[in-house]
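Chains as they are written, first to last, in the numbering used here: chain A, 1 to 454; chain B, 1001 to 1454.
Don't read these hints as lab results, they were simulated from the structure. Glycine is no exception: its CB is placed at the ideal position from the N, C-alpha and C atoms. Keep in mind that the hints are not guaranteed to be accurate.
[As the list claims (entries may be wrong)] In silico negatives: residues of chain A with every beta carbon more than 10 angstroms from chain B:
1. Tyr-32
2. Ile-35
3. Asn-129
4. Gln-254
5. Pro-260
6. Lys-317
7. Gln-331
8. Thr-370
[Claimed, not checked] If you want the footprint, here are the derived chain A segments under chain B, 3+ residues with CB under 8 angstroms:
9. 70-81
10. 194-203
11. 401-411
12. 416-424
Number of protein chains: 2
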Amino acid sequence: MQPKNLNQPDLNIAYRAHFRCFRGCVGEYSIYNVIYTCPTCGGLLEVYHDTDALRNRSAEAWKTLLDSRVGSTQWPYGSGVWGMREWVTPDLRSENVVSMYEGNTNLYWAERLGKQLGVPDLWVKLCGNSHTGSFKDLGMTVLVSVVKQMMADGVGVRAVACASTGDTSAALASYAACAGIPAIIFLPQGKVSTAQLVQPVANGAHVLALDTDFDGCMRIVREVTQDNTIYLANSMNSIRIEGQKTVAIEIVRQFDWEVPDWIIIPVGNLGNISALYKGLKLLLDLGIINRLPRLVAAQAGKANPFYQSYRNGFREKVMMPAQKTLASAIQIGDPVSYEKAVQAVQMTDGVVEQASEHELANAAALADLTGMYTCPHTGVALAVLFKLVERGEVKATDRVVVLSTAHGLKFTSFKVGYHEGNLAEVESQFANPPVYLPAEAKVVKEAIARKLGD
Amino acid sequence: MQPKNLNQPDLNIAYRAHFRCFRGCVGEYSIYNVIYTCPTCGGLLEVYHDTDALRNRSAEAWKTLLDSRVGSTQWPYGSGVWGMREWVTPDLRSENVVSMYEGNTNLYWAERLGKQLGVPDLWVKLCGNSHTGSFKDLGMTVLVSVVKQMMADGVGVRAVACASTGDTSAALASYAACAGIPAIIFLPQGKVSTAQLVQPVANGAHVLALDTDFDGCMRIVREVTQDNTIYLANSMNSIRIEGQKTVAIEIVRQFDWEVPDWIIIPVGNLGNISALYKGLKLLLDLGIINRLPRLVAAQAGKANPFYQSYRNGFREKVMMPAQKTLASAIQIGDPVSYEKAVQAVQMTDGVVEQASEHELANAAALADLTGMYTCPHTGVALAVLFKLVERGEVKATDRVVVLSTAHGLKFTSFKVGYHEGNLAEVESQFANPPVYLPAEAKVVKEAIARKLGD
Chain A
1 MQPKNLNQPD LNIAYRAHFR CFRGCVGEYS IYNVIYTCPT CGGLLEVYHD TDALRNRSAE
61 AWKTLLDSRV GSTQWPYGSG VWGMREWVTP DLRSENVVSM YEGNTNLYWA ERLGKQLGVP
121 DLWVKLCGNS HTGSFKDLGM TVLVSVVKQM MADGVGVRAV ACASTGDTSA ALASYAACAG
181 IPAIIFLPQG KVSTAQLVQP VANGAHVLAL DTDFDGCMRI VREVTQDNTI YLANSMNSIR
241 IEGQKTVAIE IVRQFDWEVP DWIIIPVGNL GNISALYKGL KLLLDLGIIN RLPRLVAAQA
301 GKANPFYQSY RNGFREKVMM PAQKTLASAI QIGDPVSYEK AVQAVQMTDG VVEQASEHEL
361 ANAAALADLT GMYTCPHTGV ALAVLFKLVE RGEVKATDRV VVLSTAHGLK FTSFKVGYHE
421 GNLAEVESQF ANPPVYLPAE AKVVKEAIAR KLGD
Chain B
1001 MQPKNLNQPD LNIAYRAHFR CFRGCVGEYS IYNVIYTCPT CGGLLEVYHD TDALRNRSAE
1061 AWKTLLDSRV GSTQWPYGSG VWGMREWVTP DLRSENVVSM YEGNTNLYWA ERLGKQLGVP
1121 DLWVKLCGNS HTGSFKDLGM TVLVSVVKQM MADGVGVRAV ACASTGDTSA ALASYAACAG
1181 IPAIIFLPQG KVSTAQLVQP VANGAHVLAL DTDFDGCMRI VREVTQDNTI YLANSMNSIR
1241 IEGQKTVAIE IVRQFDWEVP DWIIIPVGNL GNISALYKGL KLLLDLGIIN RLPRLVAAQA
1301 GKANPFYQSY RNGFREKVMM PAQKTLASAI QIGDPVSYEK AVQAVQMTDG VVEQASEHEL
1361 ANAAALADLT GMYTCPHTGV ALAVLFKLVE RGEVKATDRV VVLSTAHGLK FTSFKVGYHE
1421 GNLAEVESQF ANPPVYLPAE AKVVKEAIAR KLGD
């Protein structure tokens, strides 16, 4: 895209957005304040948009505007997130946008997999095809941009921080490095390899390995960030949701503003499904769509507190010690965004389902055979889809979207382990190890002939 | 994008493209024939487009058409490659396009790196942000689509094959899997780990590990493909160039059809720089641009035959045994596309330069500190840029594009090795290892204060 053209008017400043308590406590807070939870009840905040003002533009006009910005060379509209900036953080000034062209990822028609499954209208939204390799970029561009504006406006923030071993710290470190903002990553010593950490390390984050466990890290992070000069980027911070919700809007846009019947997403901390619902609800409120897709939360059986809560009718939030799972990014026993996710499932006639290690690994491998390169979390979502098809909940004529959260390149050892047949609790049904042959044309030709079924 | 709408007319069939001998021997060959080299002289072929016919549409009309297709939901125009299909393989029918939304990657304004370097108009074209993680997708979508059309039209091709340990086999296997076409990958036994192979393994390719070296593999591949039922996807096949050339056109389009002053690209087999020139030359022939950027071929010092040839004024092609380099994808001693690349350099007032292991690794690390995640080949290109700036060839006001060929996620061990300080011949000037601390808030706060320069 073109260099930032800062002479363009920031027209969208006409719109406003604030933090409010998700549970409904009275009070509004600037999104440029350092605030993470409701001062009254301690619950999560949510960014509230003035939908009355947004409705002054017609649904048709919004659709035309957003369509016109796709791939734009005018900063920052080429980004899928900032192409809908009026709906994200409308009063963020262009010069503070920290963007790496996130979004506008392939909504891949899974033609071969869908046919095998008997659901030919199957699509996989490949969010991992992104700057840092996961959907976290969508939220982090918003968070780091907000911090940049805070710093420009003299709010005394000096750095951003999070405790995470995976995609969140990779995205935070990269966007912070792009903006020149110091990033601090907190981790439990000895629990994490350099390979897992190497993205934030390479992006120059201050990586602190503490002599404690993950909970101990969170305790230290909270203490260190108490003076409000270090801005916390963990999931309790609701600003990232504003970026993550754009993927739901983008899916609808990519179907020429038609709503699919299902969106299936792997969930751990539950921010992502909350974000999907928030994006869809906005489209509904603005009259751009007139129905919602059914949202499916897919959990790993080893870390399934939300599934257990669903099974008890959401009467109470289940918490558990998460067991080790191949789907490491959703290995979470006490999900932060529980209340928001309950709303997302209840308001969309949604479903929560789970998948075993065996199921998720083989689902991922089956998808790979049709050209994808599937991370274990996407494997969870696919395995859940297979179950819903088998029991007739997803019908042959339904339009289904599976949300792929990360690029398989982040999970080389998962892929190698699968095809070498040594993943715990997994029987590799589609293992495809290399074939060793002498360098003789005749032998090679015979092997190929066998493979091609001559 | 939307399901394939096959009812749309394939208007572009008005245009024609054929193989011709690059050296100028008489003869035209269908691109849907199984033919790799000139039957007269044995040299490389090149796809020849009928530019007279293409000129019937004005430069302005072409620009408007291509701009209108960016991010289109109409199959297959959402792909950066197929958005310019009239210039790629105009008579390929829509139903045979095998696309995974390649191209339209971020032309990243390297604002912080450019400032550090004193070249503020610096851009990095992040081609590795793609389905299989490298720029090879651009060429492979074309090759596999052509094969699909061959098979549909009864040309007796049964499978695609290549000998490659890296990005080429990953891209071939993925696109073939997407299309349901068998892929065969030939490799030297014991020289390649499962991790390097795991993309084609996962994508269901028939991976044959032969008891020989790489040259031995190539010999067997040639023998096995002699009966023309297995289509060879190695670099000697010039059809991939038609997809790869689109990146040059895309760069110009992303600058609102302005030509940058320099494009710097890492080179090994030399197909990519040939492709850049071919794309730019087409724009020149159609009157869309009126000058060419200077092309810079960046080589690893350990495998620098093209650099040596350049130094001798291209009087003769230098060949050499390539030594081991971190930039493994360009570790090539006898480049296939030599003659085309000489033309690309000579016709653009181009430059060939080299970088040592130390230089490429530190250049990559410096770029990472500004938010990128740079593969070693991109490190070669950046290191060469630094040299050209230092000796005043690249000026402070020049607009420079560095072409990043793969995602850093494909090179985790390179990143880990760098930050652990154990890469051969590399002194890690920007190593950023984790800091180990006790879980005490006071100690942690002090460490952060030191880092933030309090």
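ask   = Does the claim that A/Lys-317 lies outside the interface with chain B hold up, using a Cβ gap greater than 10 angstroms?
value = Non-interface label on A/Lys-317 holds, nearest chain B Cβ at 28 angstroms vs cutoff 10 angstroms.
query = Checking C-beta pairs, does the region 401-411 of chain A have three or more residues closer than 8 angstroms to chain B?
reply = Since three or more residues must qualify, the claim that chain B covers the region 401-411 of chain A holds, with 4 doing so at under 8 angstroms.
inquiry  = So A/Ile-35 supposedly isn't at the interface. Is its beta-carbon more than 10 angstroms from every beta-carbon in chain B?
reply    = Given that every Cβ of chain B is farther than 10 angstroms from that of A/Ile-35, nearest at about 21 angstroms, it holds.
Verdict on A/Asn-129 as a residue remote from chain B, using beta-carbon distances over 10 angstroms = Given that some Cβ of chain B is not farther than 10 angstroms from that of A/Asn-129, nearest at about 6 angstroms, it is violated.
query = If you look at each residue in the region 416-424 of chain A, do at least three have a Cβ nearer than 8 angstroms to any Cβ of chain B?
reply = Coverage by chain B holds for the region 416-424 of chain A (4 residues, Cβ < 8 angstroms).
inquiry  = For A/Gln-331, is the shortest CB-to-CB distance to chain B above 10 angstroms, so the non-interface label stands?
reply    = holds, 21 angstroms
inquiry  = Would the non-interface assignment of A/Thr-370 survive a Cβ cutoff of 10 angstroms against chain B?
reply    = Answer for A/Thr-370: violated, closest chain B Cβ roughly 6 angstroms.
request  = Over 10 angstroms to the closest beta carbon of chain B is the bar; see if A/Tyr-32 clears it.
outcome  = holds, 21 angstroms
Assertion that chain B covers the region 70-81 of chain A - criterion: three or more residues, beta-carbon distance below 8 angstroms = Since 3 is at least three, the answer is holds.
ask   = Should the label of A/Gln-254 as a non-interface residue stand, given a Cβ cut-off of 10 angstroms to chain B?
value = Its Cβ does come within 10 angstroms of chain B, the nearest being 6 angstroms, so this is violated.
query = Beyond 10 angstroms from every Cβ of chain B: is that where the Cβ of A/Pro-260 lies?
reply = With a cut-off of 10 angstroms, A/Pro-260 remains clear of chain B, as the shortest Cβ separation is near 12 angstroms.
key: chain B over the region 194-203 of chain A, status - at least 3 residues with CB closer than 8 angstroms   = With 8 residues in contact (Cβ-Cβ under 8 angstroms with chain B), the coverage given for the region 194-203 of chain A holds.
When the structure is compared with the earlier hints, violations turn up for hints 3, 4, 8 and for no others.
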